[in-house]
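*Asks:* Model the full structure from these sequences, guided by the hints.
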Amino acid sequence: MKRVYALEEYCVGCRLCEINCTVAHSESKDIIWAFKVEEPRPLPGILVEEVKPISFGLQCRHCDDAECIKSCITGAMHRDERGAVVCNADKCVGCWTCIMACPYGTIKRNEDKGNVVSKCDLCPDLPQPACVSNCPNEALIYVDRG
Amino acid sequence: MRQLPALCHFLPYTCSQVTNPSIDPLREPMELKTYLGRKPDKLEFDENGRLVTKLTPQLVLNVPIMFSAMSFGSISLNACESLARAATQLGIYYNTGEGGLHSSLYRYGKNTIAQVASGRFGVHADYLNAAAALEIKIGQGAKPGIGGHLPGEKVRAEVSATRMIPEGSDAISPAPHHDIYSIEDLRQLIYALKEATNYAKPVIVKIAAVHNVAAIASGIARAGADIIAIDGFRGGTGAAPLRIRDNVGIPIEMAIAAVDTRLKEEGIRHQVSVVAAGSMRNSADIIKAIALGADAVYIATSALIAIGCHMCQKCNTGKCNWGIATQDPQLVKRLNPNIGARRLVNLITAWEHEIKEMLGGMGINSIESLRGNREMLRGVGLTQKEMDILGIKAAGE
Amino acid sequence: MLREKYERVPSGCAVSGIMDRSGRRFSGNDIIQSIALMRERSNGLGGGFAAYGIYPEYKDHYAFHMFYDDEQAREISERFLNEHFNIAEAGPIPTKKVSSIKNEPIIWRYFALPKEEKLTSSGLLPDEFVAQCVINLNKKIDGAFVVSSGKNMGAFKGVGYPEDIGEFYRLYEYEGYTWTAHGRFPTNTPGWWGGAHPFTLLDLSVVHNGELSSYGTNRRYLNEFGYECTMQTDTEVVAYLLDLFTRRQGMPLEMACKIMAPPMWDEIERMPDDDKALYTALRTVYGKALMNGPFSIIVAFSNGMVALNDRIKLRPLVAAEKGDVLYVSSEESAIIEICPQPDKIWAPRAGEPVIGMLEEVKA
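Residue numbers (the working numbering), protein chains in the order written: chain F, 1 to 146; chain A, 147 to 543; chain B, 544 to 906.
FYI, nobody ran anything at the bench for these hints, they're computed from the structure. Honestly, I wouldn't trust all of these hints.
Stated by the list, open to error - Some chain A residues judged to face chain B by a derived CB distance under 8 Å, without partners named:
| id | residue |
| --- | --- |
| 1 | Ser162 |
| 2 | Tyr181 |
| 3 | Lys185 |
| 4 | Arg415 |
| 5 | Asn511 |
| 6 | Glu514 |
| 7 | Ser515 |
Said to hold, decoys possible - To list a few chain A residues with every Cβ distance to chain B over 12 Å, as calculated:
| id | residue |
| --- | --- |
| 8 | Gln149 |
| 9 | Pro322 |
| 10 | Ile485 |
In this text the structure is predicted, and so the values were computed from the model without any measurement. Note that beta-carbon positions come from the ideal geometry of N, C-alpha and C, so glycine has one too.
*Replies:* Structure, rendered in structure tokens:
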């Protein structure tokens, strides 16, 4: 399955991946509108980890043997037809068990949006995830490494 | 001198009308393949018409453009890798400069020209044998007559290992080669390098375009060099001392014309190749350099601009914002060689298309028919003396 | 306006050539008839012929055909010739008044052999000695021009339509085994007789339709080997290149043609290894001798004739055979005019030379 990989040697820590993730998951899909007007503002599914000069964008690894799916008490966290690990907000009750189970720390609480979790969904409506398309230094790649 | 407009601006080139059809490169083959290296006076055949002469090693270029010398140290490893990958992909060559060859770049050896300059940094047998050709740098267009100075803060672990000098120490290349004080010494070094590489690689000698460049070039040809590279006064670097950069050397167009004519008069022009460098800003400059007698050109500044250089002229500080002329790991990673190589390939491919269009316009379908073809150029706004040196007529003549 | 000798004039043309490979000699009527048919391809500003085998009585002498602007030029030139040669016979070339031919120069012919002592003191072979003398005459004596200088051959040319030139020189009175002809369409009106084709060097004569875009490059290349291109014509370049390769470097004629019109690199890529190495070497070493731009040329020499097209066939060339006779021409019609039923007629491919050699040479 295709996943997003970070090339740490080329990541300059500009955080455009975070911004474009937010825009891609906003109602308006407009960078100004999403940040200045939209309430609540969507949380980014990617987070840049940085201790200079090392930095890289980290998001859900969509693990084959996903701890979050195993630990979910309602069945909200599931694998969709693409193989991506996604959360069904209608079922999520905000118990945060997945957050504790995730070995990468890539799931976040979204308290603005009815106590559900927020994570990378690999942008199902786009040809490739927004973070990859918008990385100015091609430090994120969307490939199948098996 | 820097404020002078480039000479190329005064040299319109011609195109075919009526008596001679222009050729459409989209429909007809258009050949840019170039062989650089020493050529014999003639080929010998046996009685069955089979070729007897063995050619000495040649550099084969798909486009008559190469990336000029920029050392690892002065530019980042990512910049070097961009150049190396692009050269490999394009079927051309890039030049290591005086910085040695980083271990990760040996795999691009087939498209590498290894430079041997006055500091001899990073020169060892493996380095010489890894490359496709060797270049002895005598002078550099941006700063003829003076050596180089890589500040100690740029000499970090990788540079130190590659150049074989202590970390943090300034890398100072002397102004002359201290084993070359005259032409016969140059001959010795040329043959020392040939011996070291088993006569399998052509040797380039690079000099700056100075007043008596024609005589020097002739000496170099006779000293055994296979290719002569001439670097004009507009050659770039943000690290050259200002007064030297702005006041030493002559325009590359004049230098090429003078060298080509001198070698022709001595009857040895066809034996050696001549490469023009310094101030090749676009494909038309290249066309004109070739029409004045160059076999191929070196480009450096344009290549760096393609990979992101903004000409902010602070290479010497080591704080290049674009990850090119720096060794700071946080800045170096700003240049992704995947992107750099792609942009270089775009640049050269675009220039290749432009050159083909221009050649076609002149009714030529092979670049060798443009070499030294000064009929193709005319001068506008030049003095008669300048036109005589360039070997061209005035526009309208 | 500069006379043509000092300025390069582009021109379009008609060319035609006939050769009997058995060495049988025939009159100039056929070639005149053939070139006359292509009148549309020339504009009356240049025409000429080269004929081989026309002077059997002096076949070992160099036959100099000369143009002089005035008597003074003739005197200076004859002094030069007498100094270097033993002249067996000298006199004006017989001509006939033709109303359309005007402003003819003084036209003389000499049969001469180089003086032994001159050969010894110069250390040159006779051919090379004659070639040097011709170059000197053309370069140094103002108003004199060597039209041709080969053995048992001659060039006849002038300003006018070729058929008128043929009549002017009374070519129907000569018999030769190879004839080539040229009708010219220059783009301005220099009116200089020396500028017409064929261009000759020793026994080599070239008629040429086309323009060399590579003129500047070829010329500089030839300079390196001591050839001064004094005439500013593309044709001169063709002659010198052939002379350099075949006479001075002793290369087979086919190979010389392949240097001047080599195969494309992508074609070379697909060749078997031996050929690939050969053609790569040819193009690498002789790149500057490649002739670029449109041309169809017919080159004749004592024992043969070769016709060659540029690499992408930008100018027409047709060849035909009937028995021992080989025909080449710009147009098929010009061949059919004199040989209505050839055994074989074809359009040679771009860059493929058509070569005819005398039988006696082949054997």
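*Asks:* Which earlier hints turn out false for this structure, listed by number in ascending order?
*Replies:* none
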